[in-house]
Structures are given as C-alpha cells and as structure tokens.
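Using the sequences and the accompanying hints, generate a full structural model.
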Amino acid sequence: MVAEKIKLRRTMMYVSGSSPANIAQATIYGADSLMFDLEDSVSVNEKDAARFVIYHALKTIDFGDTETVVRINAINTETGRQDLEAIVRAKPDVIRLPKTSCAQDVWDAEAMIAKIERNIGFEEGTIKLMAALEDPSGILNAREIAKSSKRLIGMAIGAEDFVTSMKTTRSPLGVELATARGLLLMACREVGIYALDTVYSDINNDEGFLEEVKLIKQLGFDGKSCIHPRQIKPIHQVFTPTIKEIDYAIRTFGAIQEAEEKHSGVIALNGKMIDLPMVERARRVIRLADAAGILDGGAYGC
Amino acid sequence: MLTNAVNRNIPEKINNKKLIPYQGEFALSPADAPVASYRKLKKRTPDMGNKIQRDLTAAIRSVGLKDGMTISFHHGFRDGDLTVLPVLEAIRALGIKNLTLAPSSLTDVHDPVVEFIKDGTITHLESSGLRGKLGKAVSEGILENPVVLRTHGDRVRAIQAGELNIDVAFLAVASADEYGNATGCTGKNICGALGYAMVDAKYAANVVLITDNLVSYPCSPISIDQSDVDCVVVVDQIGDSALIGKGAARTTRDPKQLLIAENTTKVIEYSGLFVEGFSVQTGVGAVPIAVTNFLGERMRTQNIHAAFALGGIGAAITRLHQEGYIQKILAVQSFDTEASAALCNDVTHIETETGTYANIFGNGCCINKLDICILSALEMDTHFNCNILTGSNGELRGALGGGPDCAGAARLSIMAMPLIRGRIPSIVDEVNTICTPGTSVDCVVTEYGVAVNTARNPDLTERLRKSGLKLFTMQQLKEMAERLTGKPEPIQYNRDKIVAVVEYRDGSIIDVVYQVLPE
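Order-wise, the sequence lines are chains A and B.
The opening residue of the first sequence carries number 0 in numbering that gives the first Met the number 0; numbering runs sequentially from there.
The opening residue of the second sequence carries number 0 in numbering that gives the first Met the number 0; numbering runs sequentially from there.
Hint data in this document are derived by calculation from the structure and do not stem from the laboratory.
Result set (DSS-like, lysine-lysine): computed pairs, CA atoms no more than 30 Å apart in a straight line:
#, chain 1, residue 1, chain 2, residue 2
1, B, Lys465, A, Lys243
2, B, Lys469, A, Lys6
3, A, Lys6, B, Lys265
4, B, Lys17, B, Lys201
From the derived model, a few chain A residues whose C-beta atoms are all more than 10 Å from chain B:
#, residue
5, Ile5
6, Val43
7, Ala85
8, Ile119
9, Ser164
10, Ile249
11, Gln256
12, Val265
13, Ile273
14, Pro276
15, Val278
16, Arg280
Glycine included, each C-beta is placed from N, C-alpha and C at the ideal position.
Written as structure tokens, this is what we have:
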C-alpha cells in the first residue's frame, strides 16, 4: 500500500500583487506553490489595488493543483488586517505571515482568521498558515512559533531583513545565515512542518543560485522561495530524487522483502547492513519521487 | 462571391483579374504554359565599357523606367534596408508615377512608402507583408486596388506564371563588380544569402544593382550573374547589417518564451522524426532561436545529426553546422554576420534562391524534403487555421513569409506561440485572416501545452504522451485563453472594400482583408 502522497513544496514562487499579467499566467512554470505578494513588492499607494487583484484572481482563475499562498502585510498594521479580511474570503490554501517574531503573532492571526471563517461560513481551520521569520527574535522563538498552531504548515526565513538586523549582508556562501537556518530547520523538524529557505536575489547568477540550492537541500530544507520562473527548474532538479537514488531505494525495499521471505533477521544490500535510518531515507526518496510524478507505479512498502 | 475550401468568401474578380478560390493544398496544377519571361536579348559589345551608372537617377533613366511599370526590391536587409527609399525618391524626382511596388517584402523601416502612395508615385503594392504605418494606411484604404500578398514561394510562382511582371529590379548587393557580378557575403554591409534577390535578377526585364563596395572584376563568389544585370550604381551605404536581425534574431531570457521553446523542443524530440539524418527549419525570432539552442543540446547528448537545415539562417544554426551536428545548410536569407560569413566560407552552407526553396510549381522545391518546421502565428482558430497578417485590430501588421509554404510541405509543421499576448487571446473561434490552412498544421505549442491536429497527424498524440507535455484540444486551449482574457469584441470592417487579397502558394485566394473602420 503506497502512503498518501507527500505535498511537494520544493518551490514557492513570488508573484507580485501589482502585476496582473504575471498572476494570470503564474501556473505555467510549474512551481509547487505560488505566493501572491501584498507586502514588500507592492508600493504603499498600490496596496488596495493589489489586494483587489489577488482577491479576484483567486476567485476566478483556475490554479489547478498548484498551492496558492498569499503573503499579507503584518497584521499589527491596518493594511495587514484589511488584507486578511479580503484574502480569507478568496480562500487561498495558505496565508503567509511576514515578520513573525513570536507565537503570539500567529495566535493573533489565527484568531482573526477564525473569526472571518465563522462569519462567512467556512469550516474553521480551512486556511492554513506559514510564518516567515525575519529577525533574531523570530529565529530564537522558532520552537514556540513552530508549535503555535495546527494551521501552521511551515516556516521560512526572510533573509534580507534578518541579515540587516544582524548588522551584516548576504554573501555567496551564506555563513551569516548558518545559525538561523539551523535553528529554523530543527524547530520545523521537531514538529514535522515544512522548512523553506529564503530567496536568492541575483537572478542572473545561475551558478551561485545552484550552489545555494544544493547547500540548503543538504542542510535539510524542503524547498526554497524563488523570485523568477527561471529558478524553478534548477530547484526541482536538485530536490527531485535522481534515478540512482530511486534505484537504490527500490533495491533497499527489495532486500527487506527478500530477508522477510527467508525469515532472516539481518537485512543486507551489497554486503552492507540496512538499518532503520536507511529504510526511512529510502522511504522518503520513494515518496518524493512518487510526488514528483517520476515513479512508474508499484508499491514499495512505504 | 465564391466560397473557398476554408469557407471564406472570395470575389470573382479583383483588379480586373479572375480569382481562383483556394481549393486545397495540392488541388491546383499550373497552366500548361512555358515559364514567363519579359527579358529581352541584349547586345553589349567590348567597346561599350562597363555597366556603372553614376547615380540612381542615371540608372533609372538607363533602364527606361516609365509610368505604370512594376519595380521590385529584395528585403534581405530587413530593418537595415537603406535602398528602397532612396530609389523611390530618385524616381519621384524624375516625375515617374503610377508604379506597382512589388518587393519580396516590406518591413517597419518602409513606413515612408505611405508618402509615395499619397503623391501617386506608387499606386499598387504586391508584397509578402505589410507592417507599421504602411500596413495601417493600407488597412484604412489608402490604395484604390487591393494589395496582393504572396508567400515567398508563391511570388516566384507568380513571376514564372506571368502574373507578376517586374520591369525593373533594384537589388542591393554587398559587393559587385563593374559588369554586374555580385554577392551578399563580402563587403562593408553584408546580408549573406541573396535568396530573394536571385529570383528578381533572373526574371526582371531590367536589373539595377546597387552596392557600396565595388570590387575588381570578377566579383566572387557570384550569386547574381553579370548576364542578368543591366547596370551597377555605387552608393554610400546600401544597408545596415546590424539591423537585419533586429527583433528577430535575438536570444531570449523571457521565461514564457523559453517555456514555449522547451515545449516545442519536446514535441520535436518525441515526434518520431528526431532521428539521424532528420531535417529542420527553425527560423528566427526569440522562440525559434531558443528551440534551436535546446534542440542543439539534445542533438549533442543523443548524438543525432541533421542532414540539413533550411530557410532563414542565424548564428545558432550556423554553429550547429560548424560543430558537425547539421551536415548542410540551405540558406535563403542570412540573419546575422555570423551566418553571412559562414555562407562565404563553407561550400556545405548553400545559398538557395526562393523558388528552389518553396515554389510549389518549381518541379520539386527544398521544403518538399523537410521533416520539421517551426512557425508562428498571430492567431489560430479551433480548426488550426493560422493568421500571420492581421493584428487584433484588423490592421495589416505581418508577413506571409515562407510560413504557408513550409507548413504545407513539411512532414511536421509546428506552430509555436503564446496562448495569450497581453490581453489578447491567440486561439479563437475564427481568425481575422486565414493565411495557412489548418490542414497544413500538425500541432500548436503554447506555454500551457500542446494541441494536436489529429486529422493531419493521427499518431502524434500517442507519441507525445510519453513526453510529459500537457495535451489539450484546440477547443480547450481556446476556452483557457478566453477564461483569462474574455472574448474580444468583433472587429468592425467595411465589407464593401477589400484592401488586400491573400494568395495561397498555388496562386489561389485563401482569404481577403477588408478595410478597417475607424474606432
């Protein structure tokens, strides 16, 4: 029996609320999630128009299987509260809370959303949440934020604000983000929610971008926000299991089956003992491959 | 009115000529008649000296241009052309009127032709396309008689059939000698292949060469032969090579264009025709160049070689040829200096005149041997009919080029285009102007996915299932486009005035263009 498919969040592409043309055709590039932005990419005097555009886009455009996320303005502002009032009614899959510093930020948003959901007759909890941690408080409170709400499906780093508050800038190797990425990852893994990495802003530096994607994959992130369609394919390539990985995973399960048939207590593959973490990793490879649509049927006991 | 095979109403007569409605891609045969020629035998003895005329005025006088005649030009310099307008000015200064202007095509730089129409120098147009202010003026009805629009192959057919009689061809060449031998691929301003010009040189009653690089006799290589040339004029500059590929030969980073190109490449890869020895015409423009680059990657990794590439040639195709992945090139037009220079230096990069390339009645043209061609359209309908001439406001803003020729002949004709442009849907119930019949098109590739014309290519759908491409019907694509853009209001035409007739490659009329009413 194949387990329920993993929800892939390898890529979350920003689409500015001030660009109706980009919103209308955002699905074509194959991002796992689309993040319609009402915050930093929208100038103050265009907030109303962008909110209007995103509301109607969500209500009228068929985004298919692509997850829809809306980044609202901070909810301790009037703009943020107006965003929530409108956007919850348009029923995106997820609302992303910017500049989340503590669990209370999530609870405040959750209370407001629940109230709107009740008012309009949605089942409470319909709208999921994501928290962006963008300052030292957020990172240091990552554990409590991660545990704060059942609606929370993941957390992300907002690196630009974070490095500024740390009195530094971003660098090619990303050493300035090492601690923050580590803390956020552990907080996410502790409760089993998604960990999403920050954007890579230099869209013309393909090489540097790929290096960063490989780095955050190795760290353990589930995916990365991106700001240009061109960044989607490389992320998917890095985050999708290779044929070699899939083959190894399949053979791992084959070895388990063989050991079971022989009633052998020791499971080995190519002379190497298979332990529980290896089985777990193989299971994850198969599920990721299945979710990415590159597995040709079959059940591999996961 | 007659109704043709694509259900368009065609008048029985236009310009005092009886029209033949389009009946199908290969339905017509040529008249049983010799190839037409108005070329006279000409005597030139050794003591008559060279063929140089001191300026354009002298050249025009020497060939006896008169009121009511037909003149032609080639459009190998495209937006870099600096020949058409000076020649027209010289003609106007001589007081010659009532001319038919019949170049191989016209581009945006030819907007000032409108002024020569207004003053009566030009009273009739025949071309591959019309754009810019000229296209707008014609659409608004500036000419009394309809423009005749022909594909590249059809223009040669019309010349050979005696339907287009060129009295004087004014041909810009990059280098020429004093006796009229000429080439496009050496000189100060090169345009490479002279595929369009070679036809006019062969069939016009009189030929004037215009060059900015006079070389010692004999010029080599020879693309235009001295025996076809009456006189040679040296000017300061015939054209700007850098502008030939402007807007057409660029490498794109636009994600939507790259996505269409990637999808198109996948169609080729899974079509069953991407095998050793295949042939391809990719063309130029953002998407085709990206397709060429993507296809090149596949050719390298899968070690597949093309027997030949065809048509308008740019640097991307030239490089694949030089790497050995394309064995030969048949070049009608060169789009950049890299392709032009390669034409000059490599005997397997072959200059090809337009008739050899695409004339349906030319006893077998190159495109008959073509496996895959990539084309584009301004809009298509749910029957795969293509419009490459008129824009969303109904005005002329495109050219037939070799599109209908290639689509009709190639084994796999792919239309690659965005589903929506701005707020305009590209797939509609009915196109403004039918240029390529849907029966010539195998599939359309968009940023959303592909629609296969199963009537023309019943196996392609099954083949493409393995590609991972999303497959739709044309009806589905049309509905997807309309969901995003809404349905545009119909264009308001004056159905009493036809401003252009669109010939199919066999000379029959596939559609007409009506006068656009002011908004």
